[in-house]
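Participant: Put chain Y on the given structure of chain S with help from the hints.
These protein sequence lines map, in sequence, to chains S and Y.
Here the first sequence stands for residues 1 to 233, numbered as in this note's numbering.
Here the second sequence stands for residues 1 to 297, numbered as in this note's numbering.
Be aware that one or more of the hints could be misleading.
Derived, one-sided and incomplete: chain Y residues facing chain S with beta-carbon distance under 10 Å [what the hints assert, rightly or not]:
1. 87
2. 103
3. 105
4. 120
5. 135
6. 144
7. 147
8. 162
9. 166
10. 168
11. 187
12. 193
13. 284
14. 287
Between beta-carbon pairs, the in silico distance windows are [to be verified]:
15. 163(Y) <-> 64(S): 37 to 43 Å
16. 120(S) <-> 128(Y): 22 to 28 Å
17. 184(S) <-> 268(Y): 51 to 57 Å
18. 130(Y) <-> 187(S): 51 to 57 Å
19. 8(Y) <-> 29(S): 44 to 50 Å
20. 42(Y) <-> 117(S): 24 to 30 Å
Bear in mind the hints are in silico, worked out from the structure with no lab data behind them.
We put the beta carbon where it would ideally sit given N, CA and C, even for glycine.
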Amino acid sequence: MSSLVYPRLDRATAEELLAALPDSDIPFALEHPEAIPFEVGAPVDVATLKRVRSSVLESIERWPDGPARAEVAEWDAAVGAALFNSMQIVPSDASHEGPWSFLTLILLPDVAVARFPGRHPQRMIGVPRNVFRRSWWRHHILGELAIAEDVRPLGEDEMVNIFERSRMSRNRELSRALAAAILEYDGEGRSEFARRLTRAVRALTGPLLLDVLAREQIEQIVSEVAEREGSVG
Amino acid sequence: MSKIRLLPHRTADDDSFVAGPWLVRYPGSDPVEASSFIPDFDYGLALDFGFRVRVDIERARGLTGLAADATIGIYALADCQSADIRVATSVPAGGLDQEVWVHTDAGSLAGSIELSRGITTLSCGSSEASNAPLRAGSRLLDDKPMTVVLEGGLSRFPVVSQAFSRSRYPADAAWLLAADFDDPADPFLGTVRLLINSEHPAGELVLSRDGGPAAEMARSALRTDIVRQLFAILAFDDRASAAGDVGDDSVTGVASSIAQDTLAMDLPSALGLHREDPVVLDGLVQSALGYLGTRES
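In isolation and in its complexed conformation, chain S is listed as follows (with noise of 0.2 Å):
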């Protein structure tokens, strides 16, 4: 049950805090007394912060030193997974900027620079490319397909292809079609395939209203494109 909301922090105090951060031995906190909670919600007590901390470094034991080149889409479904399971924020909260910049420069800073040692703003202030925000997003919407374990989970570019198609990523029945589409595909180029794959089904987006189809229709609209583009490649 998501029933939580989290301490928000401004853009100019993330700014200010992302400027400040040292170089090594980053230290991490449990509250800050510039972010502060929407009023509307319960607000997440110390203990929760303490746990979605610990699930985080738990997720990521394997990668000490931070992911090589090749694992981050593993890393970063890992994270998204912790973060999912144990934040218990509020989707509406979890729209917002502040609650993933606290994450991001309060509780986790050392976890966020191992993902990103280049510290770009985009990746640590809380907008949607965020290190933490993203990761929970794709976890929230696609669920256990974010970490299929039998498979080659989805590379960043099969989640980009999903993703920043913004108003066919926000129907989650698609989203979910598409991405289970692309991790059954066991043919070559799976990536260029999930790039026909989404293109052929966005260009479907304009005659046909697949909101108000039901999962099962959906399901065989992708499987038909999935079919026809498969063959392609």
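Facilitator: The following block gives chain Y in isolation, referenced to the frame of chain S:
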């Protein structure tokens, strides 16, 4: 008036779909007409959005070439870009007046939503007419969408309650509008917040659930200050007055909505008045918002 779309199949026309205004239903309450912002929105609210409609099924079938065994559906769709979710419902058109509602879960929405509606095929039947729709979900008519602000309107600004004595703000200030945007086209949410001093008596009053005259007076002062401060922030930024297509969720978009709702004027006019005759603008804002309870707002 329907939205124009070029489609590979035949479509219906405006006379096929006669709908009333969008309605909103709070839990346990009767529906009311939806306005451009939802008062008292919070994350615990599960809202229903709907409308009354009559679909002329025979006319729609005739125009689209659908056979008698095809099923035409009426859809209602709530699209929330901020929360990355679209929620839709679709029901068979009955030919008589009917209501269609789309339900949104508590905690699932944020920012604003775009409400859209229209008719699609639920099944296409056995038509052999040329260019008739062939697939379930084929768009037959899309009505013009409506945007509803959930957070960021006057009634529910993004609010942060904090003790100013422990912040960088003056300890005796009651409230402040904090704006961090680089460009007024930036999203309003996340860049503009209302900071309320929880240690100030007026701040305590507006944050309380007190419905007494003193609290109402404090809230009327707060509403007036929000509009004053927002216009003051934007008045000397040329980009806010420039013509152009800005998102409803942007700082300019929200300020435009406030200018229209409060003063019945567009934003460039309100900002121009602020620059040229701020006293008059202030009087208009006070009058429109019932400053200190001088008038029902």
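Participant: Evaluate each hint against the coordinates.
Facilitator: Hint by hint, here is what the structure shows:
1. 87: Where the cut-off is 10 Å and the nearest Cβ of chain S is about 8 Å from residue 87(Y), the hint holds.
2. 103: violated (14 Å)
3. 105: Since the shortest Cβ distance to chain S is 9 Å, the answer is holds.
4. 120: The hint holds - residue 120(Y) has a Cβ within 10 Å of chain S, the shortest such distance being about 5 Å.
5. 135: holds (6 Å)
6. 144: violated (15 Å)
7. 147: This hint is violated: residue 147(Y) lies away from chain S, its Cβ roughly 15 Å from the closest one there, beyond 10 Å.
8. 162: holds (5 Å)
9. 166: holds (6 Å)
10. 168: This hint holds: residue 168(Y) lies near chain S, its Cβ roughly 8 Å from the closest one there, short of 10 Å.
11. 187: holds (9 Å)
12. 193: holds (6 Å)
13. 284: Given a least distance of 30 Å, the restraint on residue 284(Y) is violated.
14. 287: violated (30 Å)
15. 163(Y) <-> 64(S): 37 to 43 Å: About 40 Å separates the Cβ atoms of residue 163(Y) and residue 64(S), which means 37 to 43 Å holds.
16. 120(S) <-> 128(Y): 22 to 28 Å: 58 Å Cβ-Cβ, so the 22 to 28 Å window is violated.
17. 184(S) <-> 268(Y): 51 to 57 Å: For residue 268(Y) against residue 184(S), whose Cβ atoms are near 54 Å apart, the range 51 to 57 Å holds.
18. 130(Y) <-> 187(S): 51 to 57 Å: Check failed, 37 Å falls outside 51 to 57 Å.
19. 8(Y) <-> 29(S): 44 to 50 Å: This hint is violated: roughly 57 Å between Cβ atoms.
20. 42(Y) <-> 117(S): 24 to 30 Å: violated (39 Å)
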